[in-house]
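Chemist: The primary structure of each chain is shown beneath.
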Amino acid sequence: MSQVLVIDGVSKAFVDGNDRRSVLESVSLSLAPGDVVALQGPSGSGKTTLLNLVAGLVSADAGSIGLCAGGAELALHTLDDAARAAVRRAHMGYVFQFFNLVPTLTVRENVLLPLELNARWDLEERALARLDGLGLADRHDAFPETLSGGERQRVAIARALAHEPVLVLADEPTGNLDSRSAAAVAELLWQEVRRLGGALLLATHDDAIAARADRVLRMGGSSRPIG
Amino acid sequence: MMPAERRQAYGVRARRRAPLRLLLLALLGVSVTASAAQLRLGSVLGEAGDGFQRAERPRPFVFPEDHGPHPGFRSEWWYLTASLESPTGEAFGMQFTLFRQALRPQPVIGGPWDASQVFLGHLAVTDVAGGRHLEDERLSRGHPRLAGVALAPFNAFVDGWRLLGIGPGLERLRVDAASADFAVHLDLESRKPLVRQGDDGLSSKGPGQASYYYSLPRLAAVGEVRIGDKLTPVAGTAWLDREWSTSVLSDAQRGWDWFALHLESGADLMAFQLRRDDGLRDPFDQGVWVGPDGDTWPLRTQDFTLTPLRWWKDERGVAWPVDWALAVMSPVGPRQLRVEAALDDQRMDTLFTYWEGLVRVFDEAGDAIGSGYMELTGYE
Amino acid sequence: MSLLVTSQLRFLRRSPWSALTALIGMALGVASVVAVHLISAEVERTLNAGAPPHLAGLTHLLTRPDIDADDYFALRDWWRDHPRAPVRGLVPLLDGQLVVDGRGVQLIGADWLALPRGTDGPGAPLAISGEVLVGEGLIADADFGYRVGDRLTVGGRDLTVAGVLETGLGPALFADIGLAQRLLDVGPGQISLVGLAVVDPWAPWRRRLDRLMPGFGAGLPQPGAAPLTRLLDAGAGSGIDAAWRARPVTAERPSAAFARSVLFNLGALGTLALLVAWFLIYQVGAIWLRRQHLVLTRLQMVGADPRLLRRSFLALFVGLGLAATVLGGLVGVLLATLLVKLSSAGIDASLAVSAARALDPWVMVKAVGSGFGVCLVGGYAAFVREWRPAAGPARWRWLALCALALLVLLGITLERSGVLGGFLAILAMSLLAVLLVTPLLGLLRHAGRGRLLTRLALREVAWYPRVLDVALAALTLAVATGIGVGLMVDSFRSDFQRMLDVRLAGDLYLYGVGDRQGALADWLLAQPEVAEVRRFGEARSRLDGVPVALGYAEFDARESARYGFPRHLETGEALVNERLLRDLDLDVGDQVRGARGVNIVGAFPGFGDPQGRVLVDVTSLDRFGVPARFDRLAVNVRAAADVAALIGRLTERFPALTVEARTTIRAVALRIFDRTFAITRALTLLALLVAVVGTYNALTALRLNQAATAELLRAQGVTSAESRHIALVRAGTLGGVAVALALPLGIAMAWTLCAVVNPRSFGWSVALQLPPAGWLPPLLLGIVAALLAGLLPAPRERGALHDAG
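Chains as they are written, first to last, in the numbering used here: chain C, 1 to 227; chain D, 1001 to 1380; chain B, 2001 to 2805.
Calculated from the structure, these hints are not laboratory results.
Warning: the hint list may mix true and false statements.
Claimed, not checked - A short, non-exhaustive set of chain B residues, derived as facing chain C with CB atoms under 10 Å:
id: 1; residue: 2208
id: 2; residue: 2212
id: 3; residue: 2722
Said to hold, decoys possible - From the derived model, a few chain B residues whose C-beta atoms are all more than 12 Å from chain D:
id: 4; residue: 2011
id: 5; residue: 2023
id: 6; residue: 2154
id: 7; residue: 2188
id: 8; residue: 2190
id: 9; residue: 2315
id: 10; residue: 2435
id: 11; residue: 2452
id: 12; residue: 2511
id: 13; residue: 2517
id: 14; residue: 2584
id: 15; residue: 2736
In this text, a Cβ means the ideal position worked out from N, Cα and C, and glycines have one as well.
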């Protein structure tokens, strides 16, 4: 198959005491290499949950999630925690809205962390070059607490792409930034993902950013995909 | 007046009940080390009448022998209290007591160490001007070199403290007793004849229970008192009690309030009341009035009343009645006396705790007419 | 206010695990305070209970040649004529040997009523049986095998056992002096010794300190011989002859004096355990507050008065503290019982925590003080510390470091600062180590080597000192205390054994030999069991006005070896104890002042010697102007000889002789020691247990602090094994830092105790030994404890700490 990611009929509900709240119901979606798909919808519509399902941080109640990476097709929904973690570290990058960086690691160390986890030191030069390209050439040894919000998100992008994953997941990556910085960071994310030939699945409130996506998946209060 | 005599005897014996019983505690408290060997009270006390002699009928006192110890009886004491004054008018009180307690009825045959008697000495001085009451005690086994009572000359001694007779009998005495903080040296001379208490010296307590008892109601005292480094010459009046017995009182009484007062008129007055558990007046409350010439008038329960007027609370929270109204039908007519402690704190903080101290006597008009000693027991 | 309380209570309900760990932490703190007190009190009780009754309250024993009762009475009369002499009591004592049921028995007679009364002395009141007072009963040592009420036939007399005591004297009987004279068949004038109690000016302080921490009072100076010397010197002018010689009662029971010194040291280290517990309570408060931080900041943001916030936090915290006090008090009693039982397993010890002891008001005061007081103060301090930004504490820290270092230096070097100085030094070095925790952690701040995950974990430890420093300090102190106790005890034990060997070179010791020593030695050598007889003598002398004991013997190489000296002593050569060197400010190689041409060629520790001691060959005696008069014999028996039979024949032939068998003395001494040593393990364990809880709490707080990072790492694909690795590195780092500080601190503590505090308080030094068995176990335990705390699962709780974001 030529798709990077295939989500088919995935459902997820959270149980809080006797209260069962359905967040996702029969969501289907597929991404090809180079695809940028934006998830839009009000708070609680299941955007983050969908990203976490794809990342394997939570497991789905029903449906399947398939990832095509490294020449293999991986059925994420059949894997256990450890195997999902292995898939995640090798083939995915994740950018959050907050707490993107490990505070006790420098900019450089944050970026190199995925390489260490994957033992892919061959990518070090490119990863650091990408960091420089993102305008952080002089901030390699800085700790995250000294960076501005925009800089932090740029480091997060560099970190998410360092091991050159096939799929990048971004959860409101610009939600924390003013509109100018947001636009710049989104632009960088786009460029870098495209340059690597990966796919990007991103959740955002920002219509301007969503408008630049190849497709927009609208998620409603009923948690049903709209688009 | 047989019943009155009997009651009087009962009461006089009763006021010594606590020292007698608490002397046993003194033995219990002998400080050695921790744990182990427990005192068996029975073996010290002997079971009731267990070989000890008993006071059952009046007997002629033979002096000087009867001034000495009667080891066949369980307990005995030589009890001296004095109200004193310095040449500049400062008041002092003095108490010297030697208690004897038999550990067994028969004398032990053996060496001098084998005495079966224990002696306890109490010494106290009240310095009214200095606001101080000092007390000390000494406990020792009977031993010719340590403690005992000898005759010819009379010598009641415990571990360095002495009540010495000068000449035959108790008519002339000397007290020599020193503690680290204070000392007493007094010469005493009896001014009145010896008073045989109760039925010619037999103090009946009840059916088959009695003690032998006599007093020297007034002795002139002169000598010196040392407190710290300060030596003060003093003179005054003293009271000496002698009593020996075997029986122990019932526990129906809580304690007693006892007074021995020397009046400037030359009369001496002794009165006490027993405090009963049921709060009622005890029919054995009584006293004795000794006229200036030595004549005696027994005081019956109905002849006097004692009413506490003021209490002093010690640091343990115990309230001691230190001021009293004493209404008494004396041979010279009814008197309304007021008796006030010269110092509130004259508590004897010794192996057993009681209050024994100098008091002042005032008449109806509020004039000072005498002084004496008061003993309060059973308040803890 | 009501909404504040509601928010606090809801926090409590929503974070039951936090509340529970806080409660457990505080309760354990209180429990350890209670347990340490109870354990120390128990050790002290057994030490006191082991005292021979005739020595109760006495400080010295007086002897003189040909002593008799008249000498005693003369002394007593003199005392009573001088009521201000610093004397509390004088007691005539008689001792001798009897054969009862075929066994040699020491019989001790005393005038029990003459023993000093009151609380001034070390003894507690004992009720001596009336039967003993009237001379019909005996008190028997527990070793003798009789029980109260048993009948006993001694010399044809039928007597009753009126009491049984554990006196530590082996087979011994105590009787009234009159009965003892009859049983030994001597006249009423015969006594052996006069027991003396001098006034102890330190008594009130001793009592206070002992209440504060049982065993502490032993560190205060013992009533010395100075008032006694003055007494005797003054007496010499008034008919008391100067031939009296005095020896301290402690010399009678060197093992007990030694054990007391150990107890004192334990008391000191118990205080450090107390410090650990207080750290823990404070830390629990700080961590708990941190978990509430978000709630509190939010409340402050909506305008709540910070004072009100502080009050509501304190109220909740102190409420928790009260619950912890009750729980901790109960657990403390159980813990003490359990630890005492565990540590005395296999020893026939009568250690048990009695209910009465547990209800001692001082235990209560300490428990409530720790639970309630430390909660209040600790909670407040935590609040203040948390609320204020950490503004430049560096200068303050350096100032404190310098001050503490100075205190350590002064406490150790200034001999005049006494025991207090020694302890201040120990306390100061402990606080010094505590202050070094944060800078040491700071070294890890830029850890730049190794795997990123390792680096990350190392830096986490370094970056959040506020979360960890108190726990780390507690762990450091606990491990250091363990090392200090371990080394001190090991050193004590090895010295103690050395002392026993020095003291007990003979199999039998005979005292009261008097003029018959020649005949006695001949008789002994004729016995088949006897291999060797050595003669000893002792005289009282003065050097430069300082009273010393002058011991003499035929000082061949074997005799010298007992004092660690390699060869025999020549005429004019002397060995002296350390105390003498200090008292006279002398050194080995110096001349003994006050004697003609006597050189000090060696020094020995002289454990239990409260006064100076000079040992010379008998040929040197004339240089001191002292005639030779041997009064003790040491007898060595042949292998497999029947010692009991020999003692039996000996006491039958020489009834007035005092015979002591080495095996008895040694066994009793070691038994007392094993009990005391056993307790040290309990104390160490307790401090470590408390520290583990503290470390767990701290690591949990750190983990919760780093929850966002953990989530991020998980998103990066970090596996649970890798997460465990991070946790282990954190915990291991904590353990490593604690151990790195604790090892030197523990050794320094042990050294200070052995070489500074002991010489000052007991007059002898203990040679510090550093066997791995002393320091390695606490070290390993510290690391294992930290790793264990790191591996224990963190509590799962809804985010009380951070925003869900």
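Chemist: With reference to the structure, classify each hint as holding or not holding.
Modeler: Here is how each hint holds up against the structure:
no.	hint	verdict
1	2208	violated (50 Å)
2	2212	violated (44 Å)
3	2722	holds (8 Å)
4	2011	holds (46 Å)
5	2023	holds (38 Å)
6	2154	holds (15 Å)
7	2188	violated (3 Å)
8	2190	violated (10 Å)
9	2315	holds (34 Å)
10	2435	holds (43 Å)
11	2452	holds (65 Å)
12	2511	holds (23 Å)
13	2517	holds (29 Å)
14	2584	holds (34 Å)
15	2736	holds (47 Å)
The structure fails hints 1, 2, 7 and 8 (numbered hints given earlier, in ascending order).
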